[in-house]
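**Q** Okay, here's what each chain looks like letter by letter:
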Amino acid sequence: MPLQNPNGYADKTADFMAFFAEAKRRELRPLVTPALLAEHAEDPRGDQSPHSTALQDVLNYLHALPIDGKSFAYAEVPYQRYKLGLLRGRGNAPTLDDPRVFATEREAVHAVFLQRLVALGLLDAEAAK
Amino acid sequence: MSYAQIRGYCDRPNVRPGETLDFFLSSPEAGRCQVNLVRLIHGDRNPAGPGYKEEAVPSAVDGQYAVGTQFTQVGAYVEVPDTAAHLGGASGLSLHLHLWSTTPAKRQGVISRWSEAERRGWALLIEDGHLVLMASDGRQQSRVSLAQPLFPEVWYSVVARIDVTGKTLSLSQVATINSVNSRFGRMVNLDTDGAAVAPLAAAPGNPSVPVLMAGLAETSLVSRPRVVALFNGKLDGPKLYSHALADGEVAALHAGEAGPAPLAHWDFAAGTTRRGIPTDAAQDVSGNGLHGVCINQPDRGMTGWNWDGLEEHFVHCPEQYGALWFHEDSLDDCRWVRSLSFTLPPDLPSGCYALKLAQGDKTDRVPFFVVPPKGTASARIAVVIPTFSYLAYANSQVLLNAAGGQSVMGVLTTLDDLDIELNVTPAWGRSAYDYHVDGRGVQYSTWRRPILNLRPDYRHEFGSVWQFPADLHLIDWLTVKGFAFDVITDHDLQAEGASLLKRYAVVISPSHAEYTSSQMLDAYEEYFATGGRGMYLGANGFYWITSQHPEKPWMIEVRKGETGDQAWRGRPGELFHSTTGERGGLWRMRARAPQKIWGTGYTSHGLDVSAGYHQLPDARDPRVAFIFEGIGPQEVIGDFGLVNEGAAGLELDRIDYSLGTPPNTLLLASSYGHSASAMLVPEDQYFAYPGITGRDNPLVRADIAYATTRQGGAVFSASSMAWCGSLSHANYANNVSRMTENVLRRFAAEGAVDEVA
Chain E
8 MPLQNPNGYA
18 DKTADFMAFF
28 AEAKRRELRP
38 LVTPALLAEH
48 AEDPRGDQSP
58 HSTALQDVLN
68 YLHALPIDGK
78 SFAYAEVPYQ
88 RYKLGLLRGR
98 GNAPTLDDPR
108 VFATEREAVH
118 AVFLQRLVAL
128 GLLDAEAAK
Chain Z
8 MSYAQIRGYC
18 DRPNVRPGET
28 LDFFLSSPEA
38 GRCQVNLVRL
48 IHGDRNPAGP
58 GYKEEAVPSA
68 VDGQYAVGTQ
78 FTQVGAYVEV
88 PDTAAHLGGA
98 SGLSLHLHLW
108 STTPAKRQGV
118 ISRWSEAERR
128 GWALLIEDGH
138 LVLMASDGRQ
148 QSRVSLAQPL
158 FPEVWYSVVA
168 RIDVTGKTLS
178 LSQVATINSV
188 NSRFGRMVNL
198 DTDGAAVAPL
208 AAAPGNPSVP
218 VLMAGLAETS
228 LVSRPRVVAL
238 FNGKLDGPKL
248 YSHALADGEV
258 AALHAGEAGP
268 APLAHWDFAA
278 GTTRRGIPTD
288 AAQDVSGNGL
298 HGVCINQPDR
308 GMTGWNWDGL
318 EEHFVHCPEQ
328 YGALWFHEDS
338 LDDCRWVRSL
348 SFTLPPDLPS
358 GCYALKLAQG
368 DKTDRVPFFV
378 VPPKGTASAR
388 IAVVIPTFSY
398 LAYANSQVLL
408 NAAGGQSVMG
418 VLTTLDDLDI
428 ELNVTPAWGR
438 SAYDYHVDGR
448 GVQYSTWRRP
458 ILNLRPDYRH
468 EFGSVWQFPA
478 DLHLIDWLTV
488 KGFAFDVITD
498 HDLQAEGASL
508 LKRYAVVISP
518 SHAEYTSSQM
528 LDAYEEYFAT
538 GGRGMYLGAN
548 GFYWITSQHP
558 EKPWMIEVRK
568 GETGDQAWRG
578 RPGELFHSTT
588 GERGGLWRMR
598 ARAPQKIWGT
608 GYTSHGLDVS
618 AGYHQLPDAR
628 DPRVAFIFEG
638 IGPQEVIGDF
648 GLVNEGAAGL
658 ELDRIDYSLG
668 TPPNTLLLAS
678 SYGHSASAML
688 VPEDQYFAYP
698 GITGRDNPLV
708 RADIAYATTR
718 QGGAVFSASS
728 MAWCGSLSHA
738 NYANNVSRMT
748 ENVLRRFAAE
758 GAVDEVA
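First to last, the protein sequences are chains E and Z.
Be aware that the first sequence starts at 8, since it is given in our numbering, and climbs by one per residue.
Be aware that the second sequence starts at 8, since it is given in our numbering, and climbs by one per residue.
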């Protein structure tokens, strides 16, 4: 049967991406421990000491998430006042409706970390508080 | 929330005292704005540093100016004035072209003489993935569309006919896939050819708009139409005929044979020379003089429908490079109406300046660089402001659009209002780090638009100050230390070459002069070969081959690939610059690695954690004792600073004798302690393997290197983008500041340095 409609053929890579995401989250879930959360809260950039392998593994996955809905630290007033935002892709303003305010970038970045873990089901929302 | 506010730009980055600079301002609120000249000293507002510093410079430009909202036409297209309406189609018309659509799902004009406002004329367009031909006299509209949808990135031959006598519209498409010209090859069992005929109710009317390729005219303004429904993809060799062709002639055109003499034939490769095709002209080669002009710089030197993959340089085979690649988000010039002209005072000192614009509670600063009067130097020290690199990064929006951006940076992103404004304002254009809407990397960048990340206090989306705000770390340090210095720019170096550098005892390349032309490399090499002295206080410099547009010097061109830290990669057969004919990519791949001139070259990026340098045996060489004056032999150099708390960070360079580091180069110190996110550059990886990060690979480091050159010249390289961010630590009393000062004072002094042979 000849191919006639370019819209009739899905990118099957998506099938593996879904499989990969599920497998990866299954592997990462046991790594998300109170100690790992504390390590990130203490040193989100890893500039005090190198991140543990477990935290680096988790961060590698969080860094690579798709853009739409990806959380970021919003510098409302750089060096003074930060919030948490969600990217909405090219041409779209991000969502900035999280009411929390952070006094430092470090705190905001840790909130981004927790938000992504919760969104992925790797951390209970209550535990993130 | 609106991110719109007063913004502005100037016509070029560099200006001499006594010359005039034009400024273009726009605001969403019509009214007046306050303009003041300021001198920029330090931009980084990091509270751990000296803070924001600028000085008011009272001048004749200070005052209130009227501002309003200016329109920016975004998107590339070709305009053929056709004021005599030769191409109106009143007596019938045929057109033939080759088309390669990247986003067929959206509505877009392919070629037209059509007014959207008047609904009159004729147009070939794409709607919902299908080709459509329309004709209208303003009252009766006829259309025909093909049932077969277009496959994206597949070449088609397209013929459209308006038969006024036979009262029909007809349209046909034939896929012209070969092994290399389309997304997939010939083995795919494709059924996408088609033809259709429909009645023609009335001959096309004559709208008061030009012929457009890659868009539709929205309005019928006398000056310039506003163009909508912009096309994404390639067009190759459009031809117009003055009548409806016979079926046999259509078949011949689809088969790639020559048809009858056209009324107009735009050959987008016409004008190609050994130096490329640096022009906006779209030549009509029919002999009828119906020439067109490109607006907003479509990509030139692009593979055409008949590219067979055997030749990769458009200069050698223009007959296979007849395509222009259009993007709906290209921009070469905002083309705003000039708001004010500023003739600089004849005694204005060289430096970094800006026009400060204030309207209500909003402020913008439009930077520019005052260089010394022509043929003169006003100091023994020059800082070469890397304006080509500022252009390459201009308005980058990587972290807002590229999922992998945070993986590269190794951090969870922080963004601010400027980043968001860039993402929601198409008029500000894109950088050479971004992709066009249709997935093609951005290969041209223009100065003539507001460049928001060129603002002095902008903290870059990459998580640190970057480019101009980072270079102000150095400007501030020179100012605080009381050094007399000039600023000169890449644009000056491009124009004047080595003679410009030779006016100075020492030239300094600041944090990140990544984008470099062959003329600039020639200038540095000649300067260092004739006694010049240089300080390379950055990293990842002199990396990407960069061309300045000869006809539009406010623009640069870059083709990324086939290796390197690439934000995108030029497609096969598209690695050569349209504006110069030069091969693009890394200078290293053209036998001009940065090591040949500066001793060191790019080896790693590490944007999360910075480190300090550890002294090595060459640091004890008595010939470099002057560099270490006041610095203890056990001191770690720069384990502090505003950029991730270290002088070795962001991007790092290393010596490599195999790549051209002069054999007499001394390795004084190297950084250690980089993170797992600091990666060896792709061009050094060969095979991908575990162990290429700062935790385990000895090539992930920054080297402090020193070499002497001919006739008393010398080069000192700090090899880190973060170096200048450590200069102000501890109130400027630290070993990075001390080492920089030791070298600069020696280099700026009279007399040759001790030769290191």
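Where hints are given, some of them may not hold.
What the hints assert, rightly or not - Below 25 angstroms or equal to it, Euclidean Cα-Cα: the simulated BS3-like pairs (lysine-lysine) are: (1) 509/Z to 488/Z; (2) 60/Z to 369/Z; (3) 60/Z to 381/Z; (4) 113/Z to 381/Z; (5) 90/E to 369/Z; (6) 19/E to 113/Z.
Just so you know, the hints here were simulated from the structure itself, not pulled from any lab data.
Quantities reported herein were computed from a predicted structural model and do not represent experimental measurements.
**Q** Check each numbered hint from earlier against the structure, then list the numbers of those it violates in ascending order.
**A** 3, 4
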